Structure formats: structure tokens, C-alpha cells
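Colleague: Since chain U is already given, all that's left is putting chain X on it; use the hints.
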Amino acid sequence: MDSLSSVLLALLVVGHLVLAGADVGLGMLMPHVARGTEQRRRVVAAIAPYFLASEVWLVAAVGVLAGMFPVLEHHAVTELWPVLAALLAGWLVRDAGLWLRARVDGDRWRLACDGAIVAGSWTLAAAWGLTVAGLLTDGLTASPFTVLCAVTVMALFALRGAAFGSERLVGSADSGGAEPECADVVARDTRVLARAALCAAVPAGASAALPGGPVLAAVPVAVVLTTVLLVALAATSGLAGPMLSRHTSAAAIAVPGLLVALAAHLPSAPIPSTVTVLVWAVLVPVVPVMFVGQVWLYRMTRRPAAVPTFFA
Amino acid sequence: MFEDPLLLARLQFALTAATHYMFVALTLGLAPYVLTTQLVAALRGDRSRTTAVRFWGGLYLVNYGMGVLSGLVMELQLALNWSGLHEVFGYTFAAPLALETMTAFFVESTFLGLWIFGWDRMGRWAHLACFAVVTATAYASAWWVLVSNGFLRNPVGFEMVDGTAHLTDPAALMTNPAAVTAFGHIVTGALLVGALVIAATSAYHLIRRDDEHRVFRRGIRYAALVMCVMPMPVAGFGGVQFGLFGQDPPTSGLTRTAAEIEAVEAANPGGPLLNTANTTGEVVMVLAWSLMLLVGPAMLLAWPFGGLDRWRWFLAPLLAAPVLPYAASIAGWVFRETNRQPWVVVHHLTTAEAVTPMSPGTAAASFGFFTAAFAVLAAVTYWLLVRYARRGPGGGPLAEHRTERPDDPGEPGGPREPATPVHTF
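Protein sequence lines, in the order shown, are assigned to chains U and X. Using the numbering used here, the letters of the first sequence map in sequence onto residues 1 to 312. Using the numbering used here, the letters of the second sequence map in sequence onto residues 1001 to 1425.
By construction, these hints were calculated from the structure, which means they are not laboratory data. A quick note: this is a predicted structure, and the numbers were derived from the prediction, not measured. Treat the hints with caution; some may be incorrect.
Unchecked claim - Footprint (simulated), chain X over chain U, 3 or more residues, beta carbon under 8 Å:
#1 15-23
#2 48-58
#3 90-97
#4 271-279
#5 292-304
Just so it is clear, CB atoms sit at the ideal spot from N, CA and C, and this is done for glycine as well.
Chain U with its partners taken away, still in its complex shape:
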């Protein structure tokens, strides 16, 4: 049962990276992608339906961490307190921007909220990068690996956002002839970002041997996962471009989560069986509802809303 609970935690973290990576990444790219009020509204309208359903994965992961893996949680908190506080701050600022953006009809207000979304998205991605690095190196170290790992993760977030945007932003009826369409901009970005991620991931892998590098429990697994990452990035950085990026970006951003889950040296303790039974007995009947909600939301909002909604 303990391994099943570990799978649950890993699933929630990886699910968060894959799903929230899309809307966080698009938030990071917003200043580059969207010019003008209407384009910015469209970018936020692309993000909005999903952030509600993707951030809950991280909330659930924190809950499982606290309730079933207190030793691991204690380890993460003591080693990474400032990084996690920054992650929380970025999350708060970003969500505040999203919730409040459409509430007041004024350019300055929207600009402030857009600023909050962009700043929050970058902070979230950077904090995730440092968290992954810190968990792999068993405590945050000032080393080339930490920097390169954080940069790689940020590039993966941006790539995921670009892949998401290149499909979600298509169909702007009002971007006007000469102006480049947002979807085209991000579609071109997928290749650039994949190359950038590759340029950070290769030296990150190489710097793993230097002092301050990762302390791994399962080196072969780490090698396999890193290879998967490099192949996914290479596929996107070449000719295939945005066509495949939906899948390659998802695979790529899942790798940091899987690396931590499968290869990192993390403290663990056997979970008392009563807790396992309680959690699973309550959770299992609700899983279909969770699943239906997620799938339904993603399917229903595939097409952008014709009129402005609650968020944008």
C-alpha cells in the first residue's frame, strides 16, 4: 500500500507539472506573445478555464505530502523553505491577477493584473526549477547544476506554454492583417524554446558529475529519464516543430517530476496502515468524480468562448 501511496503523490506532482505547465508557461510568454489589449485578453481567456482545474493537483499533492509523507515534507520544508515560500508568493500573485483581471474595466487595472500573471508565472517556474534541483541535490547547493537545472525547468514550462498556446490561440478573428497572430508567434517559439531547453539540459546533465551535483538513489533510472527528455526536446527542436510539441512538451515537463520521484534520494518512513486505509477508503469512491470533472472541463472548454467570460 505504501508504494501505491507513493504513486499517488508522484501522479499528483507530475499531473500538476503537465497540466499547469501549460497555463503557467503561457503566462510566462504573455508579454512576448500578446500585443495590445485584445490579444492579452485572448491569452488570459486561453489560460483561465484551465488554471482552476490544474492548480488543484498541486494542492492535492501538498495535502498528500502532509498527511501521508510527513518525513518527506519535513525534509523539503527544512531544506527549501525560502524557495517554497517564493513559490507560494508567486502562486498567490498569479492567481490574484487571474481572478481580478476582468473585475474592473480599466487599462491600468488590466495592465497591473497582467503584470501579476506574468511575474507570478515566472516566479512559479523558477521556484519549481529550484525545488527540483534542491530535491535532487539533497538540499539546495550553490553549484552549476542548481542553476542549469532551474533554467532547464523554466525553459520546459515556457515550451509547454508555447505548445499549448500554438493550439489554443488559433482562430483570432480580430488580430488584423499585418499584426502577427499570437498562435503563429508561439508556434515558432516552440522550436526556439526546445533548443534553449536542450542547451540548458545537456550541460545540466554534464554538470551532475561536478561537486554539488545531484545525490541519486537510482542512477540508471535518471539516465533513462534524461535521455527521454533529450529525445523529446530534440524532436521538437528540429523540423517537426509545433506539430508534435503538444506531446513532446508534456513528456519533457514530466521528466523533472519523475526524476525526483524515481531517482532522487528522499527520506521516507512506512505509513501507518490506519492512515493508508482511511485515505484510500475515502478517496477511491471520489476518484470517478474527480476524473469526470477534469475530463469534462478540458473537453468543454476546448473551443475558446465566443463572448468574454468571468475571467477575461
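Modeller: Positioned in the frame of chain U, the structure of chain X alone reads:
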């Protein structure tokens, strides 16, 4: 005082929890009303009630946004600043929170997204079902959080294994009297918050004779009924808890002997700040409740004479009425939580042992940022709530976009057809 990380962490948590609860109370108080209105609207195909759902639902969402923001900070802050609590009581205190995040919040947020984006995209029964799930999970969320909080007050159902509390009796955890009575108290109290917010909003529009959809006549009648029925159960569930305060928890003695417990309590007498907060909490709570007790019967007396719709002098004081349940809620939490000091888990763990070791600098930075951010966000949210409440059904965030508007592509908010084939993700 900014040199003491423990005090900062405690103050930060108190502010976060109080802010969070103000928005939670309205969420819990409004949800059943929105759900019932939507149910009647779906049954009758009634446009005026649909307008009401869009109006109250808009207020619900603005309020919910801040509830989520503060809830996220609260949950992560609990993990970040109180790692000692998780280290010892993770399996008992945090297990209900894990269930809350997955079985309640996860579902609630997803289905709220479906409800927001489902207007005009799904059938009315499916749309109603989404809000039913949102309401149910909002209450489930409150339940799990109170199971967790009740454990701190009255720790039950665990044994100590190598310095860590292991759950032995989940049933005792979930039927903990400190949790069950608190849940009853919170639910009935939240309905008072919802009723008086609805009453104040309705009074504002009825005073102006501005009620073309009959949204506010129905609102104020609902408020009158709730204010007649609910104050007594609030006091009942609250009064039972006074009995718990003096008792030792059944697990007393598992970690510390009676002598050690006495020594800890003698060494931490509380101090003037804590005692003042505790007494003020109790006084404000009881005073506000006594005033609220009068509101319902007064409204009931005015009802047969048409006073609920017409008497401006009667409606005007209702504009200020939401202050009462909010004051009572916050004061109630202050009273409950300060009552537990110096313990975080009564007779087992002190707050000083539970706090994460932090340098004064980082503690002050985190306290400064989150306090400032919360002050701004809460102020903005209340400003928005008042603004939307005053605008009425025509100007809410969920107000219907009229399709008969001339098709002007330059106009923001005008109908916009996706011209090119839409790619999906």
C-alpha cells in the same frame, strides 16, 4: 516583537485564517441559496430566477476567488511554518487535510470551473448538477478542515510510536465532539452570514424600489426565515463546545505526564495580549449573536404589513447588518484558538515546539509580504463585492451578454464568431 519568529508565525497564521474564514463563511452561506434558486429556476424554466442565480452567483465567485487565494496560502503556510506539528502529528492532524484537498477542494474547483464556463454550453440540469457538486464539496471541505482543527483541540484516536502519533481509530477522529459541534456551529453561523449579506443587498435595492426581476423581494424573505430559525442552533452548537473547553483530552498522558503538563501551562501563563484577545473574542461573539437574535423576529413582524418591501426606515439598518455575523465569526475563531494556548495540540505539543525554526529575517519577510498582500486583496475583494452588490443583476460578472446587441466587432463584449477553424488542445 519582530525579533520573535514564533510570535510572527502565530500572528501570520491568525491573520491568514481569519481572512480565509471571512470568505469561506460567505461561500458556505451563499451556496445553498444559489443552489436552491437555480433548482427552482431549472424546474420552472423561470427567467427571473435565472437572473437571480447569475446575480448571487457572481457575488459567490468574486468572494470564492479570495477564499481560494487565502486557502492556498493557509494550507501551504501550515506546511511551511508549522513543520514541527507535521513532524509529530502529520499522520493524524494532516490526514483529514489530505482528504480535504483531494475529495473536496479538487472536485469543488473543477466543478466550479465547469459551472462558470458551462453557462450556455451545457443543459440546465447538467449545469445545476455542477453547482450541486460545488455546494456539497464546499461543505465537505469545511467538514474535513474542522476534523483537523478539532483534533488540535481534543486529540483522539492515536498512539505514540517512536515520537510520532499514529492514527489508531479513524472513527474517533471523525466523530470527535470537538469537530462535530464545531461543524454544526460553523454551518449554522455561515448561513447567518449568507442571510444577512443577502438581506443587506436586497434592502439596498428595495429602498431604491429597484427590483424588476423580483430578485430582492425573494432575497429578503429568505433572509427573514433564516434569521428566525438559525440563531438558536448557532448558540446550541456553540454552547456545547464550552463544556469541552474545561475537559482533558482522552489521550492526555500519552506524551507528557500530568506533572509535565502542569509545568508547561504554569510556565506559559498567556500574557495580557492573549488574554485580552480571548476575552474580547468571547464578548464580541456573544454580543453580536444577541443582536442577531432580534433581527429575525423583527423581520417576521414587518412581513405581513409589506414592510420588507416598502418601509425604508426598516430596511436602512439592514445595510449594516452583515457586520454582526462577520464580527461574531472572527471573534468566535479568536476565542476558540486563543483558548488552546500554549498548546497547539492540547496536552501534547506546544506552539513553540511546532513552529519551523526560522531566522528572524525570513520570518519577518514572509510575514510582511503575506500580510500586505492579504490586506490589499481582501480590501479589493470587499470593494468589488460591494460594487457588484450595488450594481444589481444588470452589471454582475456573470450578467447575461445580450445577443440582440448590434454586431459590432469593435465593441468589447460584442458577439464574436470564431472565424477560422478552431484547433483544440
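Colleague: Checking C-beta pairs, does the stretch 292-304 of chain U have three or more residues closer than 8 Å to chain X?
Modeller: Coverage by chain X holds for the stretch 292-304 of chain U (9 residues, Cβ < 8 Å).
Colleague: Please verify the coverage claim for the stretch 271-279 of chain U: does it have three or more residues whose C-beta sits within 8 Å of some C-beta in chain X?
Modeller: Our answer is that it holds, as 7 residues pass the Cβ test (under 8 Å) against chain X, meeting three.
Colleague: Can you confirm whether chain X covers the stretch 15-23 of chain U, using C-beta to C-beta distances below 8 Å and requiring at least three such residues?
Modeller: violated (count 1)
Colleague: Using C-beta distances, would you say chain X covers the stretch 48-58 of chain U, given that this needs three or more residues below 8 Å?
Modeller: With 6 residues closer than 8 Å to chain X, the stretch 48-58 of chain U meets the three-residue bar; holds.
Colleague: Cut-off 8 Å, C-beta pairs, minimum 3 residues; does the coverage of the stretch 90-97 of chain U by chain X stand?
Modeller: Answer holds; 5 residues pass the 8 Å Cβ test.
Of the numbered hints given earlier, the model fails hint 1 alone.
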